[in-house]
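Chemist: Each chain, written out:
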Amino acid sequence: MSASLLEVAGVSKTYGEGGSAVRAIAGIDFTVEEGEFVSVVGPSGCGKTTLLKCISGLLAPSGGVSRLRRAPVTEPPAEMALVFQDYARSLFPWLTVERNVALPLRGREDVPDRPAAVRQALEAVGLARFARHYPWQISGGMQQRVAIARALAYQPRILLMDEPFASVDAQTRADLEDLVLRVRERFGMTVLLVTHDIDESVYMADRVVVLSRPPSVVQETHAIDLPSPRDQVATKELPEFAHLRARIYLAIKGAQAAGERRPALASQGGETA
Amino acid sequence: MTRARWRHLALELGVSGALLAAVWVYLSGDHGPAWTSVPSMLDAFRRAWLFDRFASDVVPSLVRLTLGFGVAVLAGVLAGVAIGSSRVVRLLTQPLVSFMRSLPAVSLLPLSLALFGIGTWQKVALIAFVCCWPVMLNTADGIAELHPTLLASVRAYRVRGLDRMRLVLLPALAPRIFAGMRTSLSLAVLLLVTSEMVAASSGIGFFVWQSQLRFSIADMWAGIILLGLLGYALNLGFGAVERRVCDWHLQLRGRKR
Chain A
1 MSASLLEVAG
11 VSKTYGEGGS
21 AVRAIAGIDF
31 TVEEGEFVSV
41 VGPSGCGKTT
51 LLKCISGLLA
61 PSGGVSRLRR
71 APVTEPPAEM
81 ALVFQDYARS
91 LFPWLTVERN
101 VALPLRGRED
111 VPDRPAAVRQ
121 ALEAVGLARF
131 ARHYPWQISG
141 GMQQRVAIAR
151 ALAYQPRILL
161 MDEPFASVDA
171 QTRADLEDLV
181 LRVRERFGMT
191 VLLVTHDIDE
201 SVYMADRVVV
211 LSRPPSVVQE
221 THAIDLPSPR
231 DQVATKELPE
241 FAHLRARIYL
251 AIKGAQAAGE
261 RRPALASQGG
271 ETA
Chain B
1 MTRARWRHLA
11 LELGVSGALL
21 AAVWVYLSGD
31 HGPAWTSVPS
41 MLDAFRRAWL
51 FDRFASDVVP
61 SLVRLTLGFG
71 VAVLAGVLAG
81 VAIGSSRVVR
91 LLTQPLVSFM
101 RSLPAVSLLP
111 LSLALFGIGT
121 WQKVALIAFV
131 CCWPVMLNTA
141 DGIAELHPTL
151 LASVRAYRVR
161 GLDRMRLVLL
171 PALAPRIFAG
181 MRTSLSLAVL
191 LLVTSEMVAA
201 SSGIGFFVWQ
211 SQLRFSIADM
221 WAGIILLGLL
231 GYALNLGFGA
241 VERRVCDWHL
251 QLRGRKR
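Protein chains in written order, with the numbering used here: chain A, 1 to 273; chain B, 1 to 257.
For the record, the hints were derived by calculation from the structure and aren't laboratory data. Built from N, CA and C at the ideal position, the CB exists for glycine as well. Some clues are possibly wrong.
[As the list claims (entries may be wrong)] Here's a subset of chain A near chain B, in silico, CB distances under 7 Å, partners left out:
{"no.": "1", "residue": "Pro-76"}
{"no.": "2", "residue": "Leu-82"}
{"no.": "3", "residue": "Phe-84"}
{"no.": "4", "residue": "Ser-90"}
{"no.": "5", "residue": "Gly-107"}
{"no.": "6", "residue": "Val-111"}
{"no.": "7", "residue": "Pro-112"}
{"no.": "8", "residue": "Asp-113"}
Model the full assembly from the supplied sequences, consistent with the hints where possible.
Modeler: Below is the structure:
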């Protein structure tokens, strides 16, 4: 059997040292296969962003390792692209939309026609007309689309997204979710999405990894067998969707309750009778 | 231009014109040896600067100012980036930098004369040394204030080396660098004129000082007026460059209309 595209093995992170040390995540294990869409969901403050930083090489884990195609990740690899929650800080306001998307390609000898890559990426997110605008001249949702276009143009093997839709309104959020699903289909990309939103984690993914309260571990994993392509109305009306959603909700609730009254033999977020 | 701006401009010109007229009328009387009439000031101005002494006094002053200020900005930005990039270096250098910044600008003038004599390099060195601190401090603070997500994006997309400096750091820091430059620019003019008055054989400051010594009061005023105009022009030019380079910043701050 061939190795997974991404392998997260025993990754842990402790902030600070001595008495004031805070263990944010404790030994997280999971894998992402080539072409798969995996969501990581967990209660707020469970170290999701910390985990993503450790996986991408932005932050050195205290223990464990993340491997991309068997190679340990210590710095963000060229085969990985990131989309952050805070699009306004992640884009460069002194560059036009077009140049924001093109900037990461400057060091890439392996992308032969860079202007074409930029154009295609902007077309894919429907922003070709706004290439010459500056980020602050367009709406928040459009700015996040620029960030997605930047990731697409980078042509990564895996796309990591950290709460990418948390700072936009509900309607824009649904549009962006579908946009990501479409471009993922079109570019055949592997995606790892970190979110606090249970509906979103189920709606988007092939598999959902549920984290516990900090120090976080993987509490459970759910395969999502919903039909593709997903649809904001039809998919969310399916009984399977409601069922998966309820199970993950209970798992997270259980984790929270367990955290509040410590002695818990974590009441599994199991089947509802 | 909008009507409000026309009105503003008309008011500005009107008030300035009225003040000038008042001064003109006032100075046509006799007010002692320090004063002379406006027409004789203007006449001295024309004789001195258009263009008799332009090459011998204005050009040397501008060269000194440009060189000193240029070196100060370059050194300030480079040192600021180096210091700002490391918390340890920032803490270690902080006492020294605070001391240097607190020195009154002209206090190093005697030292610079002892070190460099009275030539052009004394002025350039003094201006460069004193003016680099505000730029450096602002740049270092700017680096420390860069948002973590911005830096994470730069790292995640492997923007490195010269690209990182030229396309990310410098534009991101530009508003802070310009704030430092604005402080430095007025310091630079001050040091230039003072140095030229104390020790020089050319320059606008030298001309003003010598004219006073020779009781050529009209020439002295011609020099003062030129210095005022020069400062005014430098500020206007500086503002125009800043608005151009930091347009995105002003737009984000909503300071433009």
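Chemist: Work down the list of hints and note, for each, if the structure agrees.
Modeler: Cross-check of the supplied hints:
1. Taking 7 Å as the C-beta contact cut-off toward chain B, the hint placing Pro-76 (chain A) at the interface holds, the least distance being around 5 Å.
2. Annotation: Leu-82 (chain A) was flagged as interfacial toward chain B, and the flag holds, the nearest CB pair being 4 Å apart, inside 7 Å.
3. Here the hint on Phe-84 (chain A) is kept, as its CB sits about 5 Å from the closest CB of chain B, short of 7 Å.
4. For Ser-90 (chain A), the suggested interface contact is upheld, since its CB lies about 5 Å from the closest CB of chain B, less than 7 Å.
5. The beta carbon of Gly-107 (chain A) comes within 6 Å of a beta carbon in chain B, closer than 7 Å, and the hint placing it at the interface holds.
6. The interface hint given for Val-111 (chain A) is broken, as the beta carbon of that residue sits about 13 Å from the closest beta carbon of chain B, more than 7 Å.
7. With its C-beta approaching chain B no nearer than about 18 Å, Pro-112 (chain A) sits outside the 7 Å limit, and its interface hint is violated.
8. Taking 7 Å as the C-beta cut-off, the interface hint given for Asp-113 (chain A) is violated, the closest approach to chain B being about 19 Å.
Going through the hint list in order, the structure does not satisfy hints 6, 7, 8.
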